[in-house]
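Asker: Chain by chain, the residues run as shown.
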Amino acid sequence: MRVSMTWVRDWVELPADISGREVAERLIAAGLEVESVETVGAGLDGDLTVGRVVDIEELTGFKKPIRWCQVDLGPDHGGVRGIVCGASNFIVDDHVAVAIPGTQLPGGFLIAARETYGHISDGMICSERELGLGDDHAGIMVLSNTETGVDAKALLGIGDEILDIAVTPDRGYALSIRGVAREVATAFGIDFHDRAMDLVDLPAPAVDAMPWPCDVDDARIAELFTLRRVVGFNPAAHTPAWIRRRINSAGMRPVSLAVDVTNYVMLETGQPLHAFDGAKLRGAVRASWAGSHGSFTTLDHVKRTLQPDDIVIRDDSGPLGLAGIMGGLTSEIGAESTDIVLEAAWFVSSTVAKSARRHRLSSEASRRFERGVDRVLAPYASARAAQLLLAYGGGSYVGLTAWESPYEPTVISLAGQLPARTGGLPIESSVVKERLEAVGCEVGDNATEGSADNFAVVVPPWRPDLIDPADLVEEVLRLGGYDVLPSVLPVISAGRGLTAAQRIRRRVGISLAGIGVTDVLTYPFIGDVDLDACLIASEDSRRRSVVLANPINDEQPFLRSTLIPGLLGVLRRNTARGVEHVAVSEIGRVFTAAQQISDGGVGIRPSVSRRPSQEEVSALESLLPIQPYHVAAVLSGERMRSGWWGSGQDYIWADAIEIATMVGREAGVSLSVEASQYAPWHPGRTAALSADGHTIGYAGEIDPRVLGRLGLPPRTCAFELDLSRLTDLATMVQPAPQISSAPVAKEDLALVVDHEVAASDVAAAIRDGGGVLVESVRLFDVYAGPQVPAGKRSLAFALRLRAEDRTLTAEEITRVRNDAIAAAEQRCGAVLR
Amino acid sequence: MSAPNRSYDPVGVASLEPQAVQECVDAALVAIAGAIDLEALKQVRLEHSGDKSPLALANREIGALPPAAKAEVGKRMGLARAQVKDALLAREAELTVENDLRILRDETVDVTMTAERMGVGGRHPLTTMMERMSEVFVQMGYEIAEGPEAEAEWFNFDALNIGPDHPARTMQDTFFVDSVDSGVVLRTQTSPIQMRALLERSLPVYVVAPGRVYRTDELDATHTPVFHQIEGIAVDEGITMAHLKGTLDHLATMMFGTGIKTRLRPSYFPFTEPSAEIDVECFVCRGSSVEDPSSPCRTCGSEGWIEWGGCGMVNPRVLIAAGVDPERYSGFAFGMGVERTLMFRHGVTDMRDMVEGDVRFTQAFGLEV
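Chains G and Y, in that order, give the protein sequences.
1 is the number of the first residue of the first sequence in the numbering used here; add one for each residue after it.
1001 is the number of the first residue of the second sequence in the numbering used here; add one for each residue after it.
Just so you know, these hints were derived from the structure itself, not from any lab.
Just to be clear, a hint being listed does not mean it is correct.
[Claimed, not checked] Simulated restraints, written as ranges between beta carbons of each label pair:
| hint | chain 1 | residue 1 | chain 2 | residue 2 | range |
| --- | --- | --- | --- | --- | --- |
| 1 | G | 733 | Y | 1203 | 17 to 23 Å |
| 2 | Y | 1253 | G | 16 | 39 to 45 Å |
| 3 | Y | 1090 | G | 738 | 29 to 35 Å |
| 4 | Y | 1203 | G | 613 | 44 to 50 Å |
| 5 | G | 806 | Y | 1097 | 43 to 49 Å |
| 6 | Y | 1301 | G | 335 | 46 to 52 Å |
| 7 | Y | 1291 | G | 251 | 35 to 41 Å |
| 8 | Y | 1109 | G | 674 | 41 to 47 Å |
| 9 | Y | 1203 | G | 674 | 46 to 52 Å |
| 10 | G | 665 | Y | 1201 | 42 to 48 Å |
| 11 | Y | 1327 | G | 613 | 18 to 24 Å |
| 12 | G | 618 | Y | 1327 | 26 to 32 Å |
| 13 | G | 38 | Y | 1117 | 56 to 62 Å |
From the three backbone atoms N, C-alpha and C, an ideal C-beta is built for every residue, glycine too.
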């Protein structure tokens, strides 16, 4: 809401020396979000005078039409001056705004008498934009209802200050000069007289015409609906400059007197009004459910298909407008309209909101109705509008028809000490009463509660947001200013710190960063295109996608079921930006549909007037997708860089597996590794990582076909683990090992096995066969070539043997060695090399 | 070699004469002093102190002396040999030091030839920021609560006093899980965790909830459809707005430094009443740029204050929906944008830097605590 300070000053006797900025500060403190304070025509310095065009000579021979004008500024401003002008939207006898030499325009342009197009131009005829009044630069401003020689600055509102207020949904009343003026009066401690509720002096209704009949289907549409009629109106009448200026100041555009008056009264009082052309109406005008009325076209020339629970204004011919939102083309005021029917109503805000949302149509009227309009204002506002129509457009007043359901003001019982108890500071009951009265409430003692310190607060009709005691508490506290609230830390008993899952998530993040991996946060949106690129099969559980109804990008309507596509995207972006070695990780949630997402979940809506039952909460939870945390990394390029020390080492599949098992260790889980096949990994270079029989994730090299398809560096590796599941398996209390101080015996074993035999199986056989004396088994060399038979390879293991309490004898060592070889032979077909 | 002087004849042995011995010692000392390194000293030791050295050979002659002469000569020889030995040791020590120093000097490298052999990693600054902010509260006794990102509409809206007709529920703001009637949305705020915390925990409740939230904004320099908030809620007996203010003041101090002021401005949120916007004093200019065109502040736009988040007293309707008696308990809640905090605390000017995953951005924060 753009609020003109001169308009506000019509309503509040604010001392002249108080600036718009000071008003803004007080309003901000009171809870109105003033986003800016602008001065109209800021930067204009010097005289701006109304001149009358007395002669126009069209100059020819130039690229564009140029006029040589004689403009009379009156005796005080140099009489008739010759001025060159490039606009042609005016005629002789029009009044225009003239800046004479010496005047500086906004933006620093100094007007001087200068020769142009063969004449000395002794001033400038100004457009809206040149004066900083608006964007209109199509022509110069033609002023109406004014006289030669008067100060155009006052006429144009130059110097007025405009406060731009972002109105929160609870403060519909602030979408009016009336509402803002009340806040200004309260903020400065000035008496406020609510002129909107003054009785308007209208002439006695003419008897030769009837007021227009009206009706309402039911009170779920409107609680108050009025029509007021003026006939014999002069459609050619001009809107007076002061109304046009004020409409402009609010950021709206003047249209015609009848429309301008409805907008003016709406801006001033907050009551939306609509003017129909009576000549185009057929029968009674009623507010009605749309029912089966198919469609009609609104004033913005958009055809609207109606839903049964839209509310419309209609007559015998059909829908005339979307109630409280926008009128229709068929009954629009036009250049011949002489019979004006003014609609002023109170529509139910939720009904308007629903329709406005459905039709994606937000108007000045709907913004006000959605937030709540004064419940009793309609007849007052339409009386004011009728008065203005009669004053400036002539005609005869015919009278009012109205439909109204009974109105009971809201009464709230408020404990007098609640504001103090909420604010944490002492507030006298008398102060509570005073502030609520400033808001417009009537505050009485609440006899029924039997307590002296209990108020019965009658809420004013323009504050539908005041429903609960807490709402009144806010009014009391905000008018006292939040800056007076004390600052006190609550005393809290000891907390339990982070959960195991939270600690593990942090540790995993820190250790990945510590080994040179960079944490990223990608958008969790993917699509079939991403899953296809990763060669993920249609029956894969990662295809049980959670789909968004309104994705940002139609190509990516799914929530991610894996972190890999996002990380591959990050790899591509970094590679494209010239980063050569990219190791990136992400810890985040993935989503898979628990079951068929049902359409009716929105129907599970526990009452909010009590705690939901366990069954209700479970029903809500059952709607949700499965959304565990995963951790994944994509590793590309060198892990150890090349340099003067020698060549580096690229990330290879083994790094991915090693880092994944490191992540497991951070959670106290020892992950076991076995060969697997799982997209998007290389079918021959994929490890499944598991613990306690649960697969936790996969690691290895990305399938080269995937990398090729996505244009990513060859040999890129990756891992992805289910971090939530890992956390579930976390070792919370690690038993201490027995450390032996007896000497170690080292034995190496080279075993030849078939290619297909897994090294981990051979190692396990050695460990099992060797028994308790085997402290560790480490693979230190792998050989395949002429020294071993084709189809076989040699695996060299380093064994460390140790007893708990003694030095091993040569016989014991030999026995362990032989037992280990025997087990490897038996289980893996291994032959000692 | 002389034979033992069995006859105990008073035979003189020339090499044991004081003069001869002194000559040997002098020659040894000259040689020792002249040894230029440990290798040369080794040779000198062999020549002047070894088994074949003149002094050693002379020493053997003592046996040939008459018993009466043995004591005197033995003493002389002992002194002479000790003198040589001491000189050797001293020189050896000197040369060892010299040798060590030379080796160390020879081994000197150009330590500026460093290269990052291991790649540099880093944690995302948003992650670190959420942890930093959470930490402030955990230290006070709060716990960190969590909730799902794909959330039931009821938790995201209804339970927070955002009724079915509230404008915040429109398609324009909220991602709906297909279909729009599924009852599941991507949470638009971390506030549903308020309700979850109240349902899952016993009173009093003091929790913070950092996390990801979603709104259907297109990505540009100042908007992103996926962003992060940190929510806080305290419900206890006797909680007042003064406690809210004290808590936010403490957070501001921990985040921006001692003496930083906060400001509450009345505002509106359906789930708090009274509600307020929280502004924090610009920690760069501390308000000095306001109406001083000569020193504009880029951080606060010379406003002196930075909008930080929203807060208020938990609406009694929310307490009722959680089964908490609003007559006995009251609470406060607040929420801040983590991206926003990062932007003004660290001077990030473009939202896209935080979402694109360019490793250079994150690595710059890698070593931040």
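Asker: Decide, hint by hint, whether the structure agrees.
Answerer: So, going through the hints one by one against the coordinates:
{"no.": "1", "hint": "G/733 to Y/1203: 17 to 23 Å", "in the structure": "violated (31 Å)"}
{"no.": "2", "hint": "Y/1253 to G/16: 39 to 45 Å", "in the structure": "holds (42 Å)"}
{"no.": "3", "hint": "Y/1090 to G/738: 29 to 35 Å", "in the structure": "violated (53 Å)"}
{"no.": "4", "hint": "Y/1203 to G/613: 44 to 50 Å", "in the structure": "violated (19 Å)"}
{"no.": "5", "hint": "G/806 to Y/1097: 43 to 49 Å", "in the structure": "holds (46 Å)"}
{"no.": "6", "hint": "Y/1301 to G/335: 46 to 52 Å", "in the structure": "holds (47 Å)"}
{"no.": "7", "hint": "Y/1291 to G/251: 35 to 41 Å", "in the structure": "violated (26 Å)"}
{"no.": "8", "hint": "Y/1109 to G/674: 41 to 47 Å", "in the structure": "holds (45 Å)"}
{"no.": "9", "hint": "Y/1203 to G/674: 46 to 52 Å", "in the structure": "holds (49 Å)"}
{"no.": "10", "hint": "G/665 to Y/1201: 42 to 48 Å", "in the structure": "violated (32 Å)"}
{"no.": "11", "hint": "Y/1327 to G/613: 18 to 24 Å", "in the structure": "holds (22 Å)"}
{"no.": "12", "hint": "G/618 to Y/1327: 26 to 32 Å", "in the structure": "holds (29 Å)"}
{"no.": "13", "hint": "G/38 to Y/1117: 56 to 62 Å", "in the structure": "holds (59 Å)"}
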